[in-house]
Each structure stands twice: as C-alpha cells, then as structure tokens.
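Peer 1: Based on the provided sequences and hints, a complete structural model is requested.
The listed protein sequences derive, respectively, from chains A, B and C.
Take 837 as the starting number for the first sequence in our numbering and just add one per residue.
Take 837 as the starting number for the second sequence in our numbering and just add one per residue.
Take 837 as the starting number for the third sequence in our numbering and just add one per residue.
Just so you know, these hints were derived from the structure itself, not from any lab.
A quick note: this is a predicted structure, and the numbers were derived from the prediction, not measured.
Check the hints yourself; a few may be wrong.
A pair holds if it fits inside one copy or across any two, identical chains being indistinguishable in the list.
To be verified - Keeping only pairs whose Cα atoms sit at most 25 Å apart, straight-line, the calculated DSS-like set for lysine-lysine is: (1) 1180 <-> 934; (2) 934 <-> 1042; (3) 1228 <-> 895; (4) 868 <-> 1084; (5) 1026 <-> 1163; (6) 868 <-> 856; (7) 1092 <-> 1042; (8) 1180 <-> 1137; (9) 1024 <-> 1092; (10) 849 <-> 1026; (11) 968 <-> 1138; (12) 1024 <-> 868.
The chain contents come next:
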Amino acid sequence: MKSIAEIEALIKKVSGLDTKRMYLNDFYHTWKESDDELAAVFAVAEALRGLRENNISSKCFDSGLGISVFRDNSTRTRFSFASACNLLGLEVQDLDEKKSQIAHGETVRETANMISFMADVIGIRDDMYIGKGHAYQVAVSNAVQEGFRDGILEQRPTIVNLQCDIDHPTQTMADMMSVINYFGGVDKLKGKKVAMTWAYSPSYGKPLSVPQGVIGLFTRFGMDVTLAHPEGYDVMPEIEQIAAKQAKASGGSYRKVNTMEEAFEGADIVYPKSWAPFAVMQERTDLVSEGRLDELDALEKKCLEHNAKFKNWECTEEMMARTNQGKALYLHCLPADISGVSCKQGEVASTVFDRYLDPLYKQASYKPYVIAAMIFLSKFQNPSAKLEQLLKRGDSRIL
Amino acid sequence: MKSIAEIEALIKKVSGLDTKRMYLNDFYHTWKESDDELAAVFAVAEALRGLRENNISSKCFDSGLGISVFRDNSTRTRFSFASACNLLGLEVQDLDEKKSQIAHGETVRETANMISFMADVIGIRDDMYIGKGHAYQVAVSNAVQEGFRDGILEQRPTIVNLQCDIDHPTQTMADMMSVINYFGGVDKLKGKKVAMTWAYSPSYGKPLSVPQGVIGLFTRFGMDVTLAHPEGYDVMPEIEQIAAKQAKASGGSYRKVNTMEEAFEGADIVYPKSWAPFAVMQERTDLVSEGRLDELDALEKKCLEHNAKFKNWECTEEMMARTNQGKALYLHCLPADISGVSCKQGEVASTVFDRYLDPLYKQASYKPYVIAAMIFLSKFQNPSAKLEQLLKRGDSRIL
Amino acid sequence: MKSIAEIEALIKKVSGLDTKRMYLNDFYHTWKESDDELAAVFAVAEALRGLRENNISSKCFDSGLGISVFRDNSTRTRFSFASACNLLGLEVQDLDEKKSQIAHGETVRETANMISFMADVIGIRDDMYIGKGHAYQVAVSNAVQEGFRDGILEQRPTIVNLQCDIDHPTQTMADMMSVINYFGGVDKLKGKKVAMTWAYSPSYGKPLSVPQGVIGLFTRFGMDVTLAHPEGYDVMPEIEQIAAKQAKASGGSYRKVNTMEEAFEGADIVYPKSWAPFAVMQERTDLVSEGRLDELDALEKKCLEHNAKFKNWECTEEMMARTNQGKALYLHCLPADISGVSCKQGEVASTVFDRYLDPLYKQASYKPYVIAAMIFLSKFQNPSAKLEQLLKRGDSRIL
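Peer 2: Have a look at this one:
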C-alpha cells in the first residue's frame, strides 16, 4: 500500500512528463506513444491505485458513459474496463451488436455517433480478423472526431484499444507494470532476458496481438528480447522491425530463434503463449470476407493438425530449469491452456502454472488501473493537477 | 453552446408553463399532452443540454433505477434512454425477458411490481403488434400505480413510451426540436410545408408509429402537413382525424395524397420512411395471437412482393428537386435504407442521405435530452425551481 | 413510513447486537448466523428502508462493483440485488458466463479473482444441482479470501447467497420480515402455527432451497412449524435435524406430516410451494456430471408423471378454510403456479392468490433491503455508527 507521500511523488513525476498529445486522443499501439506517454500511463495508474488503497475517491466524472464494444468474448478485459470506468465515475453501457438495431450496411460513422451523445470513452475489442480490428477502431475514432467537429457530439469520446489484430496495449502495459514492480523499478530492467515464445494449444485462432504487443513494448526498456516460434507462426513483419529498432535505441537487443529451449536459456522473463499462424489468420479473414463460411471448418481442422506437430512447445519444469537460476518470471495474459487442467496437453505444465499463481494474478490486477490511466490522460490536459485535486479533495471511496 | 443567461431564460420559460398534470404521470402520445406540456419538454431538454454544455451537473437522483424494457431491438433509443438516466443520476437496469424467470402466464401486474421496488422510471419499447404495445404500457402503469397506492412501492415509477404501436414520442419530439432549431424558432414554423411520405424498403414489418407520431405532432405548429403513401399503406384512421383537427386548430392544414411527387412539391421538410401496411400488421398480430406462426413466412413474402411494386417511392435527387428551392430539410429516424449502401434499392438515394448527414445526426442528438426532460417533468412538481437549484449548485460534470 | 425517531431506535438496536463476526464475512445459510446476526439484518434493513422513505441517501460507496453471477434465471432476485447495490452506491456488473472468455477447465479461483479487482460484493445464484451450488459459492469465497490475503485484491469481496442448493436466505429473511411486520413484531410470533407444504405444479425441477430455508429459519422464533409433502419429496435430512433442534431451543416445535390438510389445520401461516423430489434432483445432478444429457428428458417425463399423482396438493379455498379462522397468512416466493392463470392446475387457486396479492408483493418488497443489509453488515465493522453517519449527513436521495 502506497503512502500519501508516495502518491505525491507519483503526481510530481506525472507533472514532469509531456502528455499533451494524449489529451483528447486515442490509445491504439504502444509503439506510437512516446516514452513520456508510456511513463505517464504507469505513473497515473500507480497514483490511482494509491488513492484507492488509501480509500480516497478518484471519481472525476459526475455523469457520463463508458461504451464497451466487444466483438470477441472477454471476461478479464470486460471487468477491467468496467472497473476502470466505475473508478472514474463513468457508467458502462455495452453495445451488444446482437441486440442492436444496426441495419445491414449501416455505416460505422452512423453507429459511432448514435451511441456517443453522452459517451466520454469507447473501449473496443476487435481482434479476430487480420487487417480489420485496428481499422475498425480508427473508423470509430474518425467518426466521433467528425461528429465532435461538426457539433453533433458535445464531447469527443476517446478510444481505448481493448485488443485489436495488431496490439493489446492494456494487456502489455499491465504486463510491464507487473514486471517493473517485480524487479523493483524500471531502471532494473536493463539487460534482462525476455523470452516471448509460442506454445502449443489444442485451441485455434488465438490472436497475434499479445506476442506482437509484447515484442513491441518490452524492447523499449533495454532488455534482450527473444521471439521464438515454429516455422509458419510468424508475427507481422512490420512489428518485428519496430521491435528491432526499439531494442537498438534502448540499448537492448531483439532476435528470433526457432526453439523454445533456445529462447528460455538464461531468461529472466518467459511469456509462453499460443497464437495462430499469420497465414491461417489471413486465410480465415479472406474466407469470412468472401462469405466462404463453409470452408472455415476445414481450415480449423488443418490448423489444429498442424499445431499438433508442436506439442513439445510446452512450458514444463524442464523448460523452466533452463532459465536464469531456474527462476524466470512466468507471464501469461490468461486464461492459459494448462496441461491436465484445462486440456490434455497445452501451453504450460500445471506445476509451473501453480507456482506462479500469485504473480500471474497480480499481473492481471494492473489492467483496470492501466485502462483508467489511459482514460484519465486522454481526458485531462493537466493530469497531475487533477490528481492533486483528487488527493486534496480527499473524498472517501467507502464511507 | 448556450450561455448561462440563455439557460436562465429557459428556466423562466418553464416557470410560466402549466406542467402540474405531468407530475407523477406517464408520457404516451404527444396528442394527449397540452401545448404547455410539449413546450415544457422542449424547454427542459434545452436547459439540460445547456447545463451539460457548460459542464454543470444535472444529477438529481443520488440513487434509483431506470428500468428499460425493449421488446424490439434498439440502438439509438437504448443509448438515448441510458444517457438520459445517467445524466439525471439513475442507473439503468434492463429487463431482459429472455433471462428472466417470468412464469408462463405471470401477470404484467406481478412483473411490473417485482422490478419496481427502487425504480423511478420505466422506459418501454413495444412496437411490434397492433393493439398490443400501448396496451402493455398502460397495463404496466396501472400495475405500479396500484402498487404505489397500496403501499407496496415507496415511489411511483413513471412510464416513458420508447415506441409503441401508436406513437414514438421520444423520436418525434426530438425530430421537432431539430426542426425548431433548424428554422430558428417555433414561431418560424407557421406555413411550412411538411411531407410525411411512405418510401420503399426491402425490409418488412416496420412499425407505423413514426408516421403516425409525425402527423400527430407536426400538425400542432401551424404547418401544412401532407401524408403520402401507396394504396393499402394507410395509418390508423383515428390518428389522421387527430391530425386534421389539430391542423385546423393551429392554423395549418392536413391532407393525404397518393404520390411522393405530390407530397414533395414545394415542401420545406420531407420525412420519407417505410412502414408496413396496417392490414398486414393486423394480420401478423392475429397470426401470432392465434399461434399460427408457420404462416408468418408466407405473410412476409406476400408483403415484400407487394412492397416491391412501389420501388419508385424513393427519395432521389429528382424527388428532392421538387421541394422548396430543392432545399427541403430531410428527416429520418434512422437507420435509413439507403440505396446502394444498406440495400440495393431503398428509401433514399445515397447522395441525398450523405448531404444531410449532419442535420440527421443532430436530429438524433436531441433524443437523450427529450427523454431526460420527460423524466424530469414527471418527477418534479416544480421543474423550474429544480433547474434553478441545479444551476445554483453548479457542480461540475467533469472535475 | 418510518419517522426519524423510529430510525434512531433501529440504529440503537443495531448498536446493541453483536455483529462483529459478520464483518468481511459471507452470508450463506441462516442457521449459521446467530440470533443477534439475524436481528441485525432485520434492523439494518428496516433502517435503510426508513432512510429511503425519508428521502435520505444511504449511499456509502463512492465507487465499487457489485458482481452478480446468475447460473439460473431470475427476475425478482436480479432486480433486488441491483436495487440493493444501487442503494448503497455499488454498480452492478453481471458475469454472463455465456459471453465470457472462461476457458474450459478454468479454475473458479482464477475467474473469481479476475472479476474481483474492484468488487466489494459478489451475489451468486447457483441452485440447480444438489451438492454443487453452495460448494461453488464457498469456492468463490475461498478464492477471493486467498486473493485478498496474498495482496492480489485490495479489498475482500463478500459473498451474498442469492440461492443455492441448500438455502435461499435473501428470500426467507424477506419472508420473515413480512411475517414480523404482519403480526406486529417478533415477540408476537411465539406459538404461531406455520405450514410449509409441498404443492402440485406441472413444472419440473424446482429447487429445494425454499422449503429448506423456511424450516431452517422459521423454527428459530418459537413457532410450531410443520413440513408436509408426499412420499419421496423429502428435503435434506440434515436441515430437518437443524429445524428440530432450533424449534426445541426456541420453545416451538417441528414435525412432519403426510397431507396438506393436516398441515393447514389451524395454521396461522401457510407456504404451499412445489419442489422436486430430492432423489430426482440427485439423479439429475449425476446425469449432468456424467455427461448423460440424453437421459435428462426421460427423467423429466418420469418426474412430471409422478408429480401428477399429487394434484390434490393445491391451496384451494377449502384448504384455506382449515386454517386458523380461515385467515392464515399465505406466503409464496413467487412466481406461483396459479390454477387457471399460469397453468391448468397448479399450486394455488386463483381466488386465494388474488386475495393475498398485497401481502405477497409486500413480502417481495423486503428483499432489496435484506440484501442491502447483508452487504452493509459485511462491509462495516460498526454498522450502527455508519447508519448514524448517513442519518446525520442527510443527503437527499432525490434533489
């Protein structure tokens, strides 16, 4: 639990960061944000957590809606978004596209404006189809930006990317906050070895946004980041280029290897996680776009058969023993495919998973605060002054 | 954006209107409300909008539920109701009849009381079946009125008609607010020509409540209102009688013609919109009541084939050219069936629709405030005093 | 409506009760709670009702979530839980297991923690399977208790049992509040005769938690409680033992008879209600656990045929005539199977049901306050001081 002095230090830190580009802006991909902007998300998140721990209200909206649009299932992110909105005083209103009167062919522009008359933020998950998810989020953003400009909307709702086809920033920023706290500060990360590796799962079609998001973020902190996956499970090449460039700039490194063993060797942090081959995701996207839905089953079958060739990509005790003193921090965005628990064989041995339950759950616990910080920074031009105001006001969260 | 002086002028206006019959009462059909009552809805809606534009909180409920019952799909009205409730401090709780333990044969009286222990308002959409929607809303109202009288409910929840089989008052009142603002005041409407016309759509079973609501409301402002539709697409005759009577009383006129062309001739406002033939809606209601569900498909097919005879009822550029200087205000409750966008051929040409995007979205933007005003007027005996109180309190909506 | 003096008397009463074990604890089964603890629920519920009747806010959470998990359909309890949360300032977030990304085999521990980062209370209904419902609630409680202990959760969400396989405490406590108010005080209950009887219903698989909950609670007030059901419709024997023991301790009695007639003879309170035979519920649970879902239909058919042998177990006017002066208080948790209304023949004659509409609806009206009191007592170490604080603060619920 943070002391008031620690909260004040965080606020001071925020005041020294350049966040003006975040105001009334959207948060899509971490690599589009400056170092100051990422540092501001971490600091505001910690400050909001500190306020709550000290039973100090961080409500800054008296009314207003936080709209959620989940085009894929979600528990963690759904509850994290709801928690973040509630913490700030926004009421969540979910756009359930099945219950909605969204006409066939209704433009994104129309729907976006129609739901936004009193919306301060729109959180969107759209991670299923390559080339679609981010594009949809941008389309919604453009629509409400125009609506605001043209006097239709009284406020400009900002977009929080709750996972797209390219990045999953609320996840990876929470991952990074847990890493920073685990190692005792961002300055302790230089030279740490990170293994972002593919892992076997009997399920199909998992998005690429987590591995992409991890290499796109972790390479900014001077760490040695290794990506490992079987042949054919490449991530988007442009993200790899970003990762390589960032690693160089931060004094770390980025490389790709072909086995989990190699990646785990001496690692301080491991993130073994399944994803679909890019080509399969692309093919699925094409089949859906072209209405060839009857071919989807065959694609899934083929993909699962292919997956099954790589069952040895499992985070076992033996694999963990290769890491730095056998004690690497195990990360996962959850839910994991745990061998013998949620499936016969999967991403991780149950003994490994169980040993890391506490850090895993703590990792997840940062997400509500990361989302709240993203909203906060997009809504307040002078975020440190607003945090100061909340602290001074000192309203109790619970009576 | 309104100035504080303009808000004060609106509050003064409200204080001069007789709204006492609205207190603890329901809002069903505009023609049952006096001129003062309608004027009060407009003025309170504008005042609430003014407060929000000035970042002044209009929260007047510290706790309390706004129940929504949607027996038909909805996006715009769902989000408008949620926005209105949130603006006033009520939390929306949706009665999803599919997830509910509503026993077969459970009386409306029972369900209505069971959901209302802490409900201040109940918004209902029930527009699918002729003779049913309004009746259901009245049944709910009677149930909670009796519950309140008998000491079961501590407060009397008031009903807001979010669309029934007869009227769609939150829509048409928002339409009218946009017309008033477009033409620069209610006094500018005298003599304006309005064309409420049927339009072709490849979809089936659209309710009659919008055309009925429009002729039932627009005839009260001294305008010349024309209804146009193909043979067989009549609206309820009693609403036409009301329209005719009101037109006469207000110094305007009401007439019916048989072509879109005739209606559009010299019009200042056009509202081309599809609806189902009354007889078909009646037949559908009968089939459902009698459990003859297997005959519904045949009815739909017959109806769509019949519809297709009137594809020339489309709001094209040529049609718009017939209006006053070719510049009539195009209205639609949205979503529209746009030719070449949401369907092959539909209610409106895409070039016409696109030209009116801004006024169309602005038209929709009044709905949350109209709903909030209806709730406000049903909850406060002295609405101007309460508005004054909100203004004086001056709490910020956003910190 | 309570006066301020009456509210102050209730607060004083609460201050004299030992409620410290309720703090940060769960409410599962009434028989696990001490007399003081039950009295505290009643008194806090009445005090909260008094505050609301006097338009005094009882909001004690500035932010925070109330999570609901409904594994069975619900209207009354869903709205009661939502009302209770809203009254105290918590926002309801429903865990819809169908929309969630809960991995096959995901542990309850994981899901429970993932939804609880900002949860102050979790309300759970899980009443369908013998031996499962309570176990699930305890598993969730243990998970969040460990999460709190291990620093994952900043607060310990408390569990409210919204119906399990064993008890339905929010229902029976509301039932008891209505009985206390009906007879004019808890001291008036000594020696009153209660008939908790099975009744015929054409529906299948109703939980045993209501009859069990009623005999498990009503035997604590010095009343003579009779349970009646056809052969084979036994409730859990351990609950009968608890009932017998409690009856003795409170100076009342507990017995079981084989006919509705015998139970109704001279009764002051009757609670005729259908439930499934224990053995059938057990068999259904086994079939589901073993994946033998294709045998469920046959079980249902067999059970309904068996039920139909006991159609004479109906609360008719003749049956009611047997009660004390023919004027016993008729209780039901609703919805009832009303003969000629919701089914051809069911639990109760429509004339009997209609005569008791007001007390029945009032009975239901206590549930939101009972739930709010349970939450209140689990969240505040010194509940009377907090109630006093709310009264002194005197914020208006409605402006």
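Peer 1: I want to check one pair: residue 968 and residue 1138. Are their C-alpha atoms no more than 25 Å apart within a copy, between two copies, both, or neither?
Peer 2: within (23 Å within a copy, 39 Å between copies)
Peer 1: Please work out whether the CA atoms of residue 849 and residue 1026 approach to 25 Å or closer within one copy, between two copies, in both situations, or in neither?
Peer 2: Intra 21 Å, inter 62 Å, cutoff 25 Å: intra-copy only.
Peer 1: If the cutoff is 25 Å on CA atoms, where do residue 1092 and residue 1042 land: within, between, both or neither? Let me know, please.
Peer 2: within (20 Å within a copy, 58 Å between copies)
Peer 1: Within, between, both or neither: how does the pair residue 934, residue 1042 come out at a Cα-Cα threshold of 25 Å?
Peer 2: both (23 Å within a copy, 18 Å between copies)
Peer 1: Within a copy, between copies, both or neither: where do residue 868 and residue 856 come within 25 Å Cα-Cα?
Peer 2: within (14 Å within a copy, 52 Å between copies)
Peer 1: Using 25 Å as the alpha-carbon threshold, which applies to residue 1228 and residue 895: within, between, both, or neither?
Peer 2: both (13 Å within a copy, 22 Å between copies)
Peer 1: Using 25 Å as the alpha carbon limit, work out where residue 1024 and residue 868 are close: within a copy, between copies, both or neither.
Peer 2: Only inside one copy: residue 1024 and residue 868 sit 24 Å apart there, 51 Å across copies, limit 25 Å.
Peer 1: My question is about residue 1026 and residue 1163: at a cut-off of 25 Å on alpha-carbon distance, are they close within one copy, between copies, both, or neither?
Peer 2: within (18 Å within a copy, 66 Å between copies)
Peer 1: At 25 Å max between alpha carbons, let me know whether residue 1024 reaches residue 1092 within a copy, between copies, both or neither.
Peer 2: within (24 Å within a copy, 71 Å between copies)
Peer 1: State whether the alpha carbon distance between residue 868 and residue 1084 is at most 25 Å within one copy, between copies, both, or neither.
Peer 2: Classified as within: same-chain Cα gap 17 Å, cross-chain 63 Å, threshold 25 Å.
Peer 1: Pop the pair residue 1180 and residue 934 into one bin, within, between, both or neither, using alpha-carbon distances up to 25 Å.
Peer 2: Cα proximity of residue 1180 and residue 934: across copies only (23 Å, versus 34 Å in one copy).
Peer 1: 25 Å Cα cut-off: does residue 1180 pair with residue 1137 within a copy, between copies, both or neither?
Peer 2: This pair counts as within: shortest intra-copy Cα distance 18 Å, inter-copy 37 Å.
The structure shown violates none of the earlier numbered hints.
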